[in-house]
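Participant: Residue numbers (mature numbering (1 follows the signal peptide of the UniProt record, and there is no 0)): -26 to -1, 1 to 133.
Treat the hints as calculated values from the structure; they're not laboratory data. Be careful, since some hints might not be right.
[To be verified] Straight-line distance between alpha carbons at most 27 angstroms, and here's what the computed DSSO-like set of lysine-lysine pairs gives:
id	residue 1	residue 2
1	LYS122	LYS98
2	LYS120	LYS106
3	LYS60	LYS107
4	LYS85	LYS107
5	LYS127	LYS106
[To be verified] Derived Cβ-Cβ restraints for the label pairs, each shown as a range:
id	residue 1	residue 2	range
6	HIS50	GLY88	18 to 28 angstroms
7	HIS124	HIS82	24 to 34 angstroms
8	SER74	HIS50	27 to 37 angstroms
9	SER74	ASN19	11 to 21 angstroms
No residue lacks a Cβ here, since even glycine has one placed at the ideal position from N, Cα and C.
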Amino acid sequence: MFIPQLNHSFLVISLNYLTLYAIVDAGADVYLYEYKYPPRFLKKNRPDFVGSDHGDEVFMVLGFCFLTKNVGLVDHCPEEEVEFSKTMMNYWGNFARTGSPNGEGLTHWPKYGGDEKYMGLDLKSESGHQLKKDRFVFMTHTLPEKIKEHQQKTEHVEL
């Protein structure tokens, strides 16, 4: 329970900053993503309830599938991972070159803004909106309210 909650804490902080940058900082293009695909060689060493983890996308972006012979990180990558790695490298390369991850042959990655669109990166990537909205509301509204209520109750204890 600690790890997912910790990851959601990072997400909530990120969403707060993305909202600031996307809405307040006029003219800045912001792209948000949720990485969903755990590389096969990592998945086999994790419990079933763990999907992708913080930093897993680095393996695909840096093309680990193409290092199987020299580095020996993995023996073989399935064709779907090779193709996904190429897609990820294209998104990151396009973003580095142009400021937009979008390019020919890629699923359109929407800009993040008031509509809170993001890209879910997986073997079959797709865009979505309001990423983890329920958890965002819990962390930014519900939890602070409950903490405040608890503090007010404990401050007024009579002896």
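Participant: Could you run down the list of hints and mark each one as holding or not?
Facilitator: Hint check:
1. For the hint linking LYS122 to LYS98, the alpha-carbon distance of about 43 angstroms lies beyond 27 angstroms, and the restraint is violated.
2. For the suggested pair LYS120 and LYS106, the alpha carbons sit about 20 angstroms apart, so the restraint of at most 27 angstroms is met.
3. A threshold of 27 angstroms between alpha carbons decides the hint, and for LYS60 with LYS107 the separation of about 30 angstroms lies outside it, so the pair is violated.
4. A hinted pair counts as satisfied when its Cα atoms are at most 27 angstroms apart, and LYS85 with LYS107 qualifies at roughly 17 angstroms.
5. The hinted pair formed by LYS127 and LYS106 fails the criterion: a straight-line CA distance of about 31 angstroms is larger than 27 angstroms.
6. One distance hint, 18 to 28 angstroms for the beta-carbon pair HIS50 and GLY88, is violated here, with the actual separation near 44 angstroms.
7. In this structure the supplied range 24 to 34 angstroms is violated for HIS124 paired with HIS82, their Cβ-Cβ distance being about 45 angstroms.
8. Distance hint for SER74 and HIS50: a CB-CB separation of about 33 angstroms, consistent with the stated range 27 to 37 angstroms.
9. Checked against the hint of 11 to 21 angstroms, the pair SER74 and ASN19 fails, with Cβ atoms roughly 35 angstroms apart.
Violated hints for the displayed structure, listed by number in ascending order: 1, 3, 5, 6, 7 and 9.
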